[in-house]
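Take the sequences, apply the hints, and build the full model.
Here the protein sequences come in this chain order: P and A.
Using UniProt numbering, the first residue of the first sequence is number 1, and each one after it goes up by one.
Using UniProt numbering, the first residue of the second sequence is number 1, and each one after it goes up by one.
Any given hint could turn out to be false.
Listed next, the stretches of chain A that the computed footprint assigns to chain P, with coverage defined by at least 3 CB atoms under 8 Å from CB atoms of chain P [as the list claims (entries may be wrong)]:
hint, segment
1, 79-91
2, 98-109
3, 221-227
Heads up, simulated EDC-like pairs for lysine to aspartate or glutamate below, C-alpha to C-alpha not over 16 Å straight-line [claimed, not checked]:
hint, chain 1, residue 1, chain 2, residue 2
4, A, Lys107, P, Asp278
5, P, Lys107, A, Asp175
6, P, Lys191, P, Asp278
None of these hints come from the bench; they were simulated from the model.
Glycine is no exception: its CB is placed at the ideal position from the N, C-alpha and C atoms.
Number of protein chains: 2
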Amino acid sequence: MHSLIRTDTSINLPIARVQVDDEEDEENKRLAEKPRLVIIGGGWGAMGVLQRLRPGDFHVTVISAETFTTFTPLLPSAAVGTVQVRSLIEPIRKIIARLRGHFVQGKAVDVDMKGRLLEVEISTDGRREHVYIPYDRLVVAVGSTSSTHGVPGLENCFQLKTISDAQAIRRRVMDNFELASLPTTTPEERKRLLSFVVCGGGPTGVETAAEIHDFCQEDIFNYYPKICREEVSIHLIQSREHILNTYSEEISKYAERKFERSNVELLTSARVSAVTPDSVIYTSRDPKTGKTEQHTIPTNFVLWSTGIAMNPFTKRLCELLPNQAHRKAVETDAYLRVKGAPKGTIYAIGDCATIETSAADHFMELVEQSDKNKDGKIDFEEFEDMVHRIKRKIPMAESHLTQVRELFQMYDSNADDSLSLNELMQLLKDLGNKITSLPATAQVASQQGKYLGSLFTRIARHRREFKAQDVLPSERDEVVSKPFRYFHLGSLAYIGNSAVFDFGKFSLMGGLGAMYAWRSVYWNEQVSARTRALLMIDWIVRGIWGRDLSRL
Amino acid sequence: MHSLIRTDTSINLPIARVQVDDEEDEENKRLAEKPRLVIIGGGWGAMGVLQRLRPGDFHVTVISAETFTTFTPLLPSAAVGTVQVRSLIEPIRKIIARLRGHFVQGKAVDVDMKGRLLEVEISTDGRREHVYIPYDRLVVAVGSTSSTHGVPGLENCFQLKTISDAQAIRRRVMDNFELASLPTTTPEERKRLLSFVVCGGGPTGVETAAEIHDFCQEDIFNYYPKICREEVSIHLIQSREHILNTYSEEISKYAERKFERSNVELLTSARVSAVTPDSVIYTSRDPKTGKTEQHTIPTNFVLWSTGIAMNPFTKRLCELLPNQAHRKAVETDAYLRVKGAPKGTIYAIGDCATIETSAADHFMELVEQSDKNKDGKIDFEEFEDMVHRIKRKIPMAESHLTQVRELFQMYDSNADDSLSLNELMQLLKDLGNKITSLPATAQVASQQGKYLGSLFTRIARHRREFKAQDVLPSERDEVVSKPFRYFHLGSLAYIGNSAVFDFGKFSLMGGLGAMYAWRSVYWNEQVSARTRALLMIDWIVRGIWGRDLSRL
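Printed below as a string of structure tokens:
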């Protein structure tokens, strides 16, 4: 029976639902066997899971350090008051109320995988204690911190990952303008106070630089009579040759031209070597002499947004597992299950996770399964079987495995119409290098969350049949679902009152029209009608009365 | 010439304006002689002054620790998220932009009255320095702090005077509910976390208690499944017999009945003796035995709002002056000029100031001026003259000086048709005791501010004539204006989804209708159209989606 189900991997199981006479008894049973689903995190990933769950299927508990979920793509706007922070957040309790779930405000610090217990540190209002929360399935969606790249002095920088970050930035920006307006401030000090430096040319960095620029143009110069336009400087330091390098070249160029016109100074191919409390030190190569030169920018505001790194819980999780070697995130299989953890118990999604891309890691297993005649070589027929297996294990490899014959011949260096194990290993390694991991974006996290939510809902729907047919919980994922697949819906960024879109095949950029299109996309992505309305109101209020200059 | 003007105290001076041919020269002169007006504070008083000034009349500088002005009457609503804090504030820079004025974010710490220099401490972003700001006229509108009444442990209490206070309260309230929801919290601890204590039965205390109650009823119980209605307790401790005792008796009773029905526990005639980190200790007299008993309420939230006290700058100002003896505020004359300071240079308005009520302080002066025949006694004709002088010095005495003949006869104990100096002194002392000082409300501060703004504008308008006729700056106030008079426009308070109004002669109370009337009054009092719109939006958003439960 068991194997009968397992061969069917389609989404709709062809099993008739068991009919019971005593509905109430049924309900009681359901309650008693309701598994505990614990979700760590309150971001895009976690919300994605919650969206797709049905009430009554699981005992749901969400653990998050903040009581709300944040609409992160607009954090750069909130950092200068273009939108209000309250418009970007939605209380998690209001979201889980639908599922009659529970919420614990705390930070996950450790996990006992054998006992299926999550250790949570609660430190609210001066109280600090540890509680242990049992789980049947655990979803790790804890996000990431900023990568340091070993640069000293990053404690002098701001990050922009949370609402508190946006609030702190807004406070510092307002303080800088107030201090620069004081009669006793020296000209050098004014210059430093009015110098804004952004390190990192990704969407967050670019959008923040653009927002600061717009803020000065549209509001500051009107209300701070002592501040001149020429005194304000904005620098964007990028280690690569272009900004927005994950976007299409056109968009990258458009953004660069836009900044050039608006006096945001772009420093590309420049590397920050240190940040001090009152300056940023960076090196760049002189294009003529080829020599590396060191420069210093005096500043009182530095934003650091140069890629992601693991936060403490993700680090701890990786320590506990034998085969976790990824530097920036915890590795999962194609079903988003954390590699090395008991199957079907721990999942990881969003910025803290990365789906394995290396087929070479499965070398032995693949050879064993596909080398039917056990001759230690892989002929073409066997290779076709192997490609099928690789595609199932690593769906992201699919686009690189379309021309199987060509691939086979390319690596069959001695042309004996079969691949030796050495040749095969080389092929798998090269294949792994070709696959790019999914980017650390809200879109990926949200899709992964929805995938898991749907998967859990399907498992819950078939719980009875699984029981009857002795399908272990650890084996149910593959039965009800295909591996996770990411559908890129386009990227967008907002630069100086215009929006740029990247839909892979074509890109779009423009002025007011594009901006409104962009905004409507954002509205539809929002979690609740409430925040959608609030955002719309913010934009109208700002349109009429300008940004709020109050320092809260 | 000089005396000619001074005898005319009406508002419109009958002096023709000097005509000049060279308008531009005139303008330059005006600029050169533009006096420096410095306003300390960013509340109702300061905004009142700014509202009535004309651009170009003064070099205006506003000094305030916060960059915004606050709509204080709605702070209790902001403390639980019924309205957003951002909707209650307006950047001061946007208000002074009309006057092309300057803003300095700092705290006044000292004043050199001879050199006309104000010492301001600036402590933004870790920087702390002192600057000296010169003034020709200085308006002190620094507000007040909460009175301690010598109760120990007030560091464990919240105040509700600023936006930061409201934010801190909101954070604590949300923390309490989150902590009470934790699986590890003991029943006793839950009881303490869900116990809210308000000390002080004035409008702030009453409204805050009502807002916390509504918040629990309308939002908390829906989203915190672990919290039962019976576990939440709200206590209001009032030292007097009734709450809202500055309002009419009807209103006070209405509020008490309302609280009784809604399980807000009123503890009247109770005195707080100490506040500890986890409880409030109070004493009350047993109505039967007459014995004083001590009680303890375990709690994690205490609001302290029991009257006002001087803040450090007001204290310093009083130290510098010889005749300032008032305990709670700096005393001014009827023109709001600080008593003892060089005339026409320092004014004080709002909660930090009180207008003198004691005619006895002017005893010697009054006798000298009114005792025409110098016989050391005051006959009725002389007394009539004196009453006229008292009314001008202390306008608030007016309502007690209507029946002059009766008053005269009452104190003329030996019926010799004249008052001896002893009899007169007794009369003046009794008169002073009858006058109640103005309450420390937004309405008073705002009217005082507007009065000063109008007064300064009139002085500026007549500056040239004053110069031509050698009227000293210190003497101009009396020339252009009558003393300040307060017009009570009614008080209102919001209790449990209904509003109570007190218009002196009649009072009003009721449900939804009254509440909307109340809200429209508040909207019209708002400083800017922007905050008015934001407040309206807040009320609509809250009506549809409830309060925001996020802890920021």
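Now for the hints, and whether the structure bears them out:
no. : hint                   : result
1   : 79-91                  : holds (count 6)
2   : 98-109                 : holds (count 5)
3   : 221-227                : holds (count 5)
4   : A:Lys107 with P:Asp278 : violated (25 Å)
5   : P:Lys107 with A:Asp175 : holds (15 Å)
6   : P:Lys191 with P:Asp278 : holds (11 Å)
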